[in-house]
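> Produce the entire structure from the sequences given, and follow the hints as far as they go.
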Amino acid sequence: MRNLVRSALYLFALFILLVTALAARVGEAAPDFTASDSNGKTHHLSDYKGKYVVLEWHNQGCPYTRKHYDSGNMQHLQKEWTAKGVVWFTVISSAPGTQGYVTAGEENEYVRKTKASPTAVLLDPDGNLGHLYAARTTPHMYIIDPRGTLIYNGAIDDHPTSDAADIANSRNYVSSALQAAMAGKPVTDPATRPYGCSVKYKD
Amino acid sequence: MPFRRVMSCFFLLACCNVSWSEKIAAKHTQLELLAQQTAASPGQQVWLGVHFVLEKGWHIYWVNPGDSGQPPVLQWQLPPGFSAGEIQWPRPEKMQTAHLADYGYHDDVLLLVPVQASKSLSANSRAEIGLDAKWLVCREVCLPDHAQLHLALSVSSSPKDDPSVAPLFTNAHKLVPQPLPRHWKARAESRKGSFVLIVDAGRPLRQAEFFPLHADQVENVAPQKLSVLARGAQIALQKSDQLLKPVPHLQGVLVLPGETAYTIDVPAAER
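As you go down the protein sequences, you meet chains Y and C in turn.
For what it's worth, my numbering labels the leading residue of the first sequence as 1, then goes sequentially.
For what it's worth, my numbering labels the leading residue of the second sequence as 1001, then goes sequentially.
These aren't lab readings, by the way, just hints derived from the structure by calculation.
Any given hint could turn out to be false.
What the hints assert, rightly or not - So, partial list: chain Y residues that the calculated Cβ filter (under 10 Å) puts toward chain C: (1) V26; (2) A29; (3) G127; (4) K200.
Stated by the list, open to error - Here are some chain Y residues the structure puts well away from chain C; computed CB gaps all over 10 Å: (5) F33; (6) A35; (7) H76; (8) K84; (9) V86; (10) V87; (11) A120; (12) D145; (13) N153; (14) D163; (15) A181.
Here the structure is a predicted model, which means the values were calculated and not measured.
Glycine is no exception: its CB is placed at the ideal position from the N, C-alpha and C atoms.
Okay, here's the thing in structure tokens:
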């Protein structure tokens, strides 16, 4: 019995170590995930080896998210980069009953209405994917390179405001990082402070 | 119109040294631009304050908002002869949920700003001070807001503290972090996964909390490990996962419950 308890403790410790080791850090392997999209399709990050993958944390009620959707900025980025072969996942980690939580049908309606064009919208109401990447804000952006390495973690741009008028004067970190990486150059700002509303996780 | 306002107007008309402002109702917030003194004096500094009164449960942010949020931004429109200094941020509170921690203010906060009046100003004149304030107010959800505030300030060679706002300003000045007392010593070490702040106060410090001035240096949500020392305390702060560059100086605010808050700016020696 004592041995059983000890084994269980070891296993638990090992699990904690694994979870700690899996936290998303720039320059290291991006943690693999499995998540369902708003059309019921399951995606594994490992399915997209060989492609750039963008993760965009999203909450349609958040004024910072709205800055980039009401202005069309986010849709423009999605269109531009998916056309260049990038896989773009919008991720929603709002728990049921919190701001930004949507059913699959509501999200598809939102995507249609806003003319958004992510590759898919991953629904993460339990917050598992959010915690795996330690996503803090909406928006919070991540880029994974074709080898599966996390090459960017942070803000969408360098103007931490909710004012759409600031977009024109902003440096978009996601575009800059993708341009640099695709040209074989190092990413100038691989980690920045994400700005926006807090992700509305289940407590 | 509240009685105080009526009286203010009355005195204003009677041409005494008074400032006049109005309270603005915003989203879950009321705010007002106030002056500590009844007038600005040529060649002297006058303290202005932006007073936020927040609805229960709502908060605004410190200069380092923590994991989310945004600090208020103040843009002054000052007449010639006036120049505004930096916001003197009161010590913040930590607002923590299971996964994120932010720094800010509940209930009410007065953001103090020193304004310098030039020697060349003529006494017995008036100055119209304008302020464009932008801020983010949050509870579970966040709402950006902005307001245009005004303050009519007299210029006089004999200003006094305005008794109607004196307690508010006195309290606000007490909440602004002060330099460490002369006989205290602070140093910091940058270790593999943590910063360690060591404060020598000449007596044990049983409770202390550190608020980092810059985002993404310290893991905001991680508990701070305090070790009480015979002559102070040692606080271990988990480094942020986002920390890619070395931090040569550890900067922030040390809050001792029930005491003054202190500014910390010490070299972080690599260990």
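> Compare the structure with each hint and give your call.
Quick rundown of the hints versus the structure:
no. : hint : verdict
1   : V26  : 7 Å, holds
2   : A29  : 15 Å, violated
3   : G127 : 8 Å, holds
4   : K200 : 7 Å, holds
5   : F33  : 17 Å, holds
6   : A35  : 18 Å, holds
7   : H76  : 22 Å, holds
8   : K84  : 27 Å, holds
9   : V86  : 23 Å, holds
10  : V87  : 24 Å, holds
11  : A120 : 24 Å, holds
12  : D145 : 17 Å, holds
13  : N153 : 7 Å, violated
14  : D163 : 8 Å, violated
15  : A181 : 16 Å, holds
Consistency note: the structure conflicts with the earlier hints numbered 2, 13, 14.
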